[in-house]
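There are 2 protein chains.
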Amino acid sequence: MLSEVLLVSAPGKVILHGEHAVVHGKVALAVALNLRTFLRLQPHSSGKVCLNLPNIGVKRAWDVARLQLQDTSFLEQGDATAPTAEQVERLKEVAGFPEDGANPEHLAVLAFLYLYLSICGKQRWTVEDLELINKWAFQGERVIHGNPSGVDNAVSTWGGVIRFQQGKISSLKRPPALKILLTNTKVPRSTKALVASVRSRLLKFPEIVTPLLASINAISLECERMLGEMAASPALEHYLVLEELIDMNQHHLNALGVGHALLDQLCQVTMAHGLHSKLTGAGGGGCGITLLRPDLEQPEVEATKQALTDCGFDCWETSIGAPGISVHSAASLDAPVRQALVGL
Amino acid sequence: MLSEVLLVSAPGKVILHGEHAVVHGKVALAVALNLRTFLRLQPHSSGKVCLNLPNIGVKRAWDVARLQLQDTSFLEQGDATAPTAEQVERLKEVAGFPEDGANPEHLAVLAFLYLYLSICGKQRWTVEDLELINKWAFQGERVIHGNPSGVDNAVSTWGGVIRFQQGKISSLKRPPALKILLTNTKVPRSTKALVASVRSRLLKFPEIVTPLLASINAISLECERMLGEMAASPALEHYLVLEELIDMNQHHLNALGVGHALLDQLCQVTMAHGLHSKLTGAGGGGCGITLLRPDLEQPEVEATKQALTDCGFDCWETSIGAPGISVHSAASLDAPVRQALVGL
Numbered sequence: 001m002l003s004e005v006l007l008v009s010a011p012g013k014v015i016l017h018g019e020h021a022v023v024h025g026k027v028a029l030a031v032a033l034n035l036r037t038f039l040r041l042q043p044h045s046s047g048k049v050c051l052n053l054p055n056i057g058v059k060r061a062w063d064v065a066r067l068q069l070q071d072t073s074f075l076e077q078g079d080a081t082a083p084t085a086e087q088v089e090r091l092k093e094v095a096g097f098p099e100d101g102a103n104p105e106h107l108a109v110l111a112f113l114y115l116y117l118s119i120c121g122k123q124r125w126t127v128e129d130l131e132l133i134n135k136w137a138f139q140g141e142r143v144i145h146g147n148p149s150g151v152d153n154a155v156s157t158w159g160g161v162i163r164f165q166q167g168k169i170s171s172l173k174r175p176p177a178l179k180i181l182l183t184n185t186k187v188p189r190s191t192k193a194l195v196a197s198v199r200s201r202l203l204k205f206p207e208i209v210t211p212l213l214a215s216i217n218a219i220s221l222e223c224e225r226m227l228g229e230m231a232a233s234p235a236l237e238h239y240l241v242l243e244e245l246i247d248m249n250q251h252h253l254n255a256l257g258v259g260h261a262l263l264d265q266l267c268q269v270t271m272a273h274g275l276h277s278k279l280t281g282a283g284g285g286g287c288g289i290t291l292l293r294p295d296l297e298q299p300e301v302e303a304t305k306q307a308l309t310d311c312g313f314d315c316w317e318t319s320i321g322a323p324g325i326s327v328h329s330a331a332s333l334d335a336p337v338r339q340a341l342v343g344l
Numbered sequence: 001m002l003s004e005v006l007l008v009s010a011p012g013k014v015i016l017h018g019e020h021a022v023v024h025g026k027v028a029l030a031v032a033l034n035l036r037t038f039l040r041l042q043p044h045s046s047g048k049v050c051l052n053l054p055n056i057g058v059k060r061a062w063d064v065a066r067l068q069l070q071d072t073s074f075l076e077q078g079d080a081t082a083p084t085a086e087q088v089e090r091l092k093e094v095a096g097f098p099e100d101g102a103n104p105e106h107l108a109v110l111a112f113l114y115l116y117l118s119i120c121g122k123q124r125w126t127v128e129d130l131e132l133i134n135k136w137a138f139q140g141e142r143v144i145h146g147n148p149s150g151v152d153n154a155v156s157t158w159g160g161v162i163r164f165q166q167g168k169i170s171s172l173k174r175p176p177a178l179k180i181l182l183t184n185t186k187v188p189r190s191t192k193a194l195v196a197s198v199r200s201r202l203l204k205f206p207e208i209v210t211p212l213l214a215s216i217n218a219i220s221l222e223c224e225r226m227l228g229e230m231a232a233s234p235a236l237e238h239y240l241v242l243e244e245l246i247d248m249n250q251h252h253l254n255a256l257g258v259g260h261a262l263l264d265q266l267c268q269v270t271m272a273h274g275l276h277s278k279l280t281g282a283g284g285g286g287c288g289i290t291l292l293r294p295d296l297e298q299p300e301v302e303a304t305k306q307a308l309t310d311c312g313f314d315c316w317e318t319s320i321g322a323p324g325i326s327v328h329s330a331a332s333l334d335a336p337v338r339q340a341l342v343g344l
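Respectively, the protein sequence lines represent chains A and B.
So for the first sequence, the working numbering puts the first residue at 1; every next one is plus one.
So for the second sequence, the working numbering puts the first residue at 1; every next one is plus one.
Check before you lean on any hint, since a few could be wrong.
Since the list gives no way to pick one copy over another, a pair counts as held whenever it fits inside one copy or between any two copies.
Keeping only pairs whose Cα atoms sit at most 27 angstroms apart, straight-line, the calculated BS3-like set for lysine-lysine is [stated by the list, open to error]:
hint	residue 1	residue 2
1	Lys-179	Lys-204
2	Lys-173	Lys-204
3	Lys-92	Lys-48
4	Lys-59	Lys-135
5	Lys-135	Lys-92
6	Lys-173	Lys-59
7	Lys-168	Lys-192
8	Lys-186	Lys-135
The set of hints was computed from the structure by calculation and includes no laboratory data.
Predicted, not measured: the structure shown is a model, and the values here were computed from it.
Produce the entire structure from the sequences given, and follow the hints as far as they go.
Put into structure tokens, the structure is as follows:
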């Protein structure tokens, strides 16, 4: 058991380049986003396991003695293994969920229960063992997603920049941290429908779309090369190239048909402040990222954020290439994060 | 000499697909634009050759007897031959222009004089002889441009749709006439600088831009194929494909860096009316074309034109795939054209 409070965090993720093209075998770059999920693990003398996920309004508690009475021998404890459909069904019984319940809150609880019961069976958890954390995170993804790519857990575990292509995931050495704005247009979209629309455009116009995907692939590779150069000695010229790559890829994604009028507006608003943006992820709405060059003055950044907020968007100033899973002392945390964790 | 008034016209031109890519060996499609230049040839008993170009404010007259006194033997009369630099210099003397004068009005007068003196030497002009007209028109281009591609004269002579690639020019059989809006953003630009910027982007990012040019090439070929199908039996689906091609090429031209904020605005304004647009020609400002589907009601077209005019743009409703050089009877001309010609 833990003898004291443990504070850990893991970063979020955005796709820097290669969304959609990756579905067709091209390289994509995912980067750790310094908007972090914090976890406070705290020993209790109440004899209960309490799960509190304030962002999605989940608060549950299980009696440890009762959990131990449950037959959890169906979980193979030890090295991270994939949850089977049968295991997930039996976990629903343990959680007291209906069989057909698949809402996000239920799935989050199931992922927690699966990891808690599997990992606690071995009483094993070390922060150095990133490989193992990554494997378990992937199994948690499997509970929720069904068929995850493995990129989200990798980027949250390792941080920095993750390259992925045809199932092969690798981590860039010494990626630079880049300041960005992450802007949510709040336009809802279906990733599945957008991926299908790109596939149908590829089938309809193979001679047009195949070289377009090749061009996106080359953008990802050029970006990877540029980030590698920046590790040695970052210069303003590197940022200018990153801006050109962002612009070209944004036009390419529009040519693939996964743009949206509000994403165009996002790009235009930031361009009016001399800043370059692209959609990130599936497109058709959702989020965009805006690169903040190091020569920018803070008032200009604030003016851009205000202009984006005036469009009705949500906007966060953060960074990409952020650290992966991290242990924190309470004193090292920003006050708002510390307060939020204390308040739970 | 002509015994009566001869009215002829030739169409203008826009690039449908392939601008910039053509510089790098790809296919481009040029289409005859039904905004026509009209010419009235009228016999005079004044003993003068009068040239009146009202659009560019040129009005000149030469005494035929005096012209005949000039030594014009330096012009080789007969089949269309290329004007030499020396011939152009001697024509400047005939016209009484300064040696270093190269403004558009002077160049237009020189092109006229060159063609008048060369062609009248043989007293030969027939409308059937399109090949010869095309050759002479090309020589006129040479006087003005220096190094013309031959596309502008070809499209004005033959009309319809002209395909060109690496100096090879051919004419599409039975191209459909398509209704369009031609919109001038009035943003001045330098074609030379824009062509150079694409070349420098190609050199800087060859792996990204080479496939992009291949994709533009495929758009031109797909458009050519679609126009060929439309000759047999045009259907709404053909127009929908033409719209998709227009959108993709517009994004590609933006990715090449030859877009402009006002061209984006043009596209957005027409898109708000459900219509698809792209820049035409060098980009960086200049003109855009908007395809008008046959199912459009005229009030919707008028509303779009008004919205474009409200942006400060000039907008003409016209057609592409228009007839080439044509002879007209005065009665067949639209009243405004007839009046303009009579008023000269």
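Consistency of the hints with the structure:
1. Lys-179 with Lys-204: between (39 angstroms within a copy, 25 angstroms between copies)
2. Lys-173 with Lys-204: Answer is between: at 25 angstroms across copies they meet the 27 angstroms cutoff, but 39 angstroms inside does not.
3. Lys-92 with Lys-48: Close inside one copy (19 angstroms), not across copies (101 angstroms); limit 27 angstroms.
4. Lys-59 with Lys-135: within (26 angstroms within a copy, 84 angstroms between copies)
5. Lys-135 with Lys-92: So Lys-135 and Lys-92 pass the 27 angstroms test inside one copy only (22 angstroms; across, 82 angstroms).
6. Lys-173 with Lys-59: neither (39 angstroms within a copy, 72 angstroms between copies)
7. Lys-168 with Lys-192: This pair counts as within: shortest intra-copy Cα distance 22 angstroms, inter-copy 45 angstroms.
8. Lys-186 with Lys-135: For Lys-186 and Lys-135, the Cα distance exceeds 27 angstroms both inside one copy (32 angstroms) and across copies (59 angstroms).
The structure does not agree with the numbered hints 6 and 8 stated previously, though it agrees with the rest.
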